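Protein chains: 2
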Amino acid sequence: MAEPLFRRVALIGIGLIGSSLARVLRRDSPETHIVACARRAETLEAVRRLKIADETTDDPAAAVADADLVVIATPLSAYAEIAAKIASALADGAIVTDVGSVKEAAIRDLMPAIRDGVHLVPGHPVAGTEHSGPESGFAELFDDRWCILTPPPGTDPSAIAKITALWQLAKMKVVTMPAEHHDRVLAVTSHLPHLIAYTIVGTATALGDDLRSEVIAYSAGGFRDFTRIAASDPVMWRDIFMKNREAVLDVLQRFSEDLTALQRAIRRGEGEVLEDWFIRTRAIRRSVIEAKQA
Amino acid sequence: MAEPLFRRVALIGIGLIGSSLARVLRRDSPETHIVACARRAETLEAVRRLKIADETTDDPAAAVADADLVVIATPLSAYAEIAAKIASALADGAIVTDVGSVKEAAIRDLMPAIRDGVHLVPGHPVAGTEHSGPESGFAELFDDRWCILTPPPGTDPSAIAKITALWQLAKMKVVTMPAEHHDRVLAVTSHLPHLIAYTIVGTATALGDDLRSEVIAYSAGGFRDFTRIAASDPVMWRDIFMKNREAVLDVLQRFSEDLTALQRAIRRGEGEVLEDWFIRTRAIRRSVIEAKQA
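Here the protein sequences come in this chain order: A and B.
Per numbering that gives the first Met the number 0, the first sequence runs over residues 0 to 293.
Per numbering that gives the first Met the number 0, the second sequence runs over residues 0 to 293.
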């Protein structure tokens, strides 16, 4: 049998993404020894019940000892502390990667753990559902989606190649770009949509009890799609907004200006302004379908 | 065989909703004679090809002659003109209903056609997809969704009962409420979500060519759900915002205030404000699922 891509993988954080990756490794790289690390005992208990790891621990330093791959899949706010805990325990030649949604901050927080001979290849598999926790994971989560790697300049090309191969195993299309660019693109495609969905669902919730039950009953008219997005993990998303603050505020400013323009058109009865806008946005949907992302 | 619910139905406008209702009648009331009326020859040609009507015409007055049910399923901006055209052609005892998303305006625009002995029972089947046109309809569109009727005070109860039975045939749950209340609820559950989705997709489109192709590629992170909503029929939605102006502007104002509060929390680094908000919105998703609207 061929040498597995990674001999020993430490998964620090094993929620939706971490546990889905564990399932991919189980399916496609059964020789790989998987160590799952989580802070909460019930998470580790779930991992054992699901049989998606060979070992479980709540100690990041113990998890990474002798691992040739370390995958950090916790909320972003835990990165700096994890980096401090694993720094001296990382094996020579180990590759550290992550799955976080903000890459400049990920690099800033993880870099202190990266000594000579250890490699940092930050990554972001752009896939997910509104569910969280190890029970919600599944190997097919990544099928045909994009994974964006943002290796800092000077990163060892063979380490990048191995992380590329990892996500290709998960059937992802892998692309590389600068962290700053990633953060700007994702602010538009993911962070702003989530912020808007959270806002609108919150607005509806504040309407008072009688109206609220009706809003829920008649949600099929558009609102329910927002409730799905606004059910995403609160801690993960809190961290994303805290860590990608500048890019999110910038795109939010543009959004607010556009919304004000449409609001003005409604108030003034300028139907043609709305219609022109709506015709333009409909074309975007076709592009998304053609790009096979719908 | 029992008498059909309606002997002769005139469908004025035969897009997604009108053609889906035609398919329901074909399935569950094959004795009913269906007349489809549309302005464009290619729409009528599609109706004939799909065999979802017994007669086609571009003349609303001819369509409604001798009909015991008239269903207006055009964009809202066409109502007043249709009312003028059909007024003298409506048969004694005919029931006029519609499927529009704004009910106060629908009543205002249709009422001039309603003489003594003719009944107006405005309705809104809360169901839809982002597709439009007669080819996009299907009988199951309405299954298990709500249909809201907003009969003006004094409407003949037997006319209301017949329209209730019509939508129950389509497997809808039928409820009655005042038009003004309907417009306020739908402003929250449907009109505001669409306006926001249209805005955000437009904002992303304006980012410049290189960024735009990336926004489309990485749309799986949340954006693609908005593109689906923002692909809805431009004319239909232009009319909804023009006709439900006050309710939409009111809820939009609340939304903007909430968004500003979250923007402020991001700028000031107040993570706990965001987390509290996100925990609250997650609970709403559960309510939507429990209400079987997800």
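It cannot be assumed that every hint is accurate.
Because identical chains share one entry, a pair is satisfied inside a single copy or across any pair of copies.
[What the hints assert, rightly or not] With a straight-line cut-off of 25 Å between C-alpha atoms, the simulated SDA-like cross-links for lysine to any residue are: (1) Lys291 x Arg227; (2) Lys50 x Met110; (3) Lys161 x Arg267; (4) Lys50 x Asp155; (5) Lys84 x Pro74; (6) Lys170 x Ala219; (7) Lys291 x Thr128; (8) Lys50 x Asp249; (9) Lys172 x Glu269; (10) Lys291 x Glu129.
Hints are computed from structural coordinates only; laboratory data are not their basis.
Remember, it's a predicted structure, so these values are computed and weren't measured experimentally.
Results for each hint:
In this homomeric assembly, Lys291 and Arg227 come within 25 Å of each other (Cα to Cα) both inside a single copy, at 21 Å, and across copies, at 13 Å. For the homomeric pair Lys50 and Met110, neither the shortest alpha-carbon distance inside one copy (32 Å) nor that between copies (66 Å) is at most 25 Å. In this homomeric assembly, Lys161 and Arg267 never come within 25 Å of each other (Cα to Cα): the closest approach is 57 Å inside a single copy and 39 Å across copies. Neither within a single protomer nor between protomers do Lys50 and Asp155 lie at most 25 Å apart by alpha-carbon distance, with minima of 33 Å and 65 Å respectively.
In the homo-oligomer, the alpha carbons of Lys84 and Pro74 lie at most 25 Å apart inside one protomer (16 Å), although the nearest pairing across protomers, at 62 Å, exceeds that limit. Taking identical chains as interchangeable, the C-alpha atoms of Lys170 and Ala219 lie at most 25 Å apart only when they sit on different chains, with a minimum of 15 Å there against 33 Å within one chain. In this homomeric assembly, Lys291 and Thr128 come within 25 Å of each other (Cα to Cα) both inside a single copy, at 18 Å, and across copies, at 19 Å. Taking CA atoms no more than 25 Å apart as the test, Lys50 paired with Asp249 passes in neither setting, with 44 Å inside one copy and 52 Å between copies.
Taking the closest pair of Cα atoms, Lys172 and Glu269 never come within 25 Å of each other, the shortest separation being 43 Å inside a single copy and 36 Å across copies. Taking the shortest alpha-carbon separations for Lys291 and Glu129, both the intra-copy value of 21 Å and the inter-copy value of 17 Å come in at or below 25 Å.
Hint compliance for this structure: hints 2, 3, 4, 8 and 9 are not met, and every other hint is.
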